[in-house]
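> Here is what each chain is made of, one letter per residue.
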Amino acid sequence: MRRGYKPPTHSSTEFELDLAPLLAVMVKLVPVLLISSAFVQLMIVETELPQVVKEAIERQNLDNNPKVEVVVEASKSQGFNIEYTENGQSKNVNIPTKNGQFDLAQLQENLKAFKQKHPDVFRMELNPDENVGYDEIVKIMDEVRQTNDKSQFKFIDPKTKKEVSTNYMFPEVVFGNMMEGS
Amino acid sequence: MRKRFKHKIATPQMTLNITSMTDMFTILLVFLLQNYTASQVEIDPIEGLRLPSSVSEKNPVDGVKIGVSTTELRVDKDKLLDLQSSAFKPTDIDSHDTNFLPGLFNHLQELNKKNPKLAETGKVLLQADKELSYNTLRKVMYTASMAGFPNIKMVVQVGK
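As given, the protein sequences belong to chains A and B, one line each in that order. The first sequence begins at 1 in the numbering used here and counts up by one. The second sequence begins at 1 in the numbering used here and counts up by one.
Honestly, the hints are just simulated from the structure, not real lab data. There's no promise every hint is true.
Below, a list of computed lysine-lysine pairs in the DSBU-like style, where the Cα atoms sit at most 30 Å apart [unchecked claim]:
no., chain 1, residue 1, chain 2, residue 2
1, A, K28, A, K139
2, A, K117, B, K58
3, A, K154, B, K58
4, A, K162, A, K67
5, B, K89, B, K65
6, B, K58, A, K112
7, B, K117, A, K98
8, B, K79, A, K139
9, A, K139, B, K89
10, A, K28, A, K67
11, B, K65, B, K77
12, B, K123, B, K79
13, A, K76, B, K130
14, B, K130, A, K150
15, B, K89, A, K76
16, B, K123, A, K139
17, A, K162, B, K113
18, B, K114, A, K139
19, B, K77, B, K58
20, A, K139, B, K65
21, A, K76, B, K113
22, B, K113, B, K123
23, B, K117, B, K58
24, A, K112, B, K113
25, B, K65, B, K114
26, B, K58, A, K150
27, A, K91, A, K76
28, B, K123, B, K77
29, A, K139, B, K113
30, B, K65, B, K130
31, A, K117, B, K113
32, B, K117, A, K161
Partial list, derived from the structure: chain A residues whose beta carbon lies under 8 Å from chain B [what the hints assert, rightly or not]:
no., residue
33, I44
34, L107
35, D135
36, V174
Owing to the predicted nature of the structure, the values given are computational and were not obtained by experimental measurement. Backbone N, C-alpha and C define an ideal beta-carbon position, used for all residues, glycine too.
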């Protein structure tokens, strides 16, 4: 079968892209973004304050269950004093300061061991002394919120009844001594 | 008089090469888009206030903005109280309750009436200087919770 003749197409299709409209859009976009950009990124750390009524309801609900609590007292002179309460029995652990600074690594190690035993507990009470700085409080909250290494804690979600793993330890920090008088 | 013959000189047409400029703008645009904050909440920095650093990844939410620097306490843009040596003056503290700041309480109560929607959330965005002690902060948090704002969100700078 004879093929139809096709004229050779040698003409190179070289053309210049008109970048002017693209540049015009960018010139308008860049100042808008420059004005609305935040170069210092701000985030928030959440806290919850104890409310008398809320606590009373919680206590009533928890009365039938074994009560598990973690209370961390932070003092510049004595370091951390952790009080673990399991089934009504309390155990105290002291983590002294290291060169005048809080031993945050040791605090996390201690809480991690407790969290392995009670992975469904997410609430922790923090009682800092009056002279503890805000910067140190935020650092403590960072340390107890989640693990620095990628250890996971497995627990059963009561709603879905499925096993869930998370690296969060105690994201719910409550200032227990907030309502106490000084 | 005879006119002199003039040669027409062909003016060369100049085209500006904007490719490199477009490249530069593209890089700038990508960088700015990356830094663009998705948060709708505007937080005005307070002069002389140094926020603590945190690894928290929670974006700010709307609430009453309370700022405490080492020299003053502000609610939104109103200066309410002065601080002396990073502590509240004894005259600003209630004589019966050492954690209670009547000035702040009254202002928050007024806000409650003016903006009931915001008051319903009970949220406070607390910007506090990292050098302040828990004793000073406790007074602010305690008074705020008494005035109907128990959900304190601490504003921090991203970093470690």
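> Which hint numbers does the structure go against, in order from smallest to largest?
1, 7, 10, 17, 18, 21, 24, 29, 31, 32, 34 and 36
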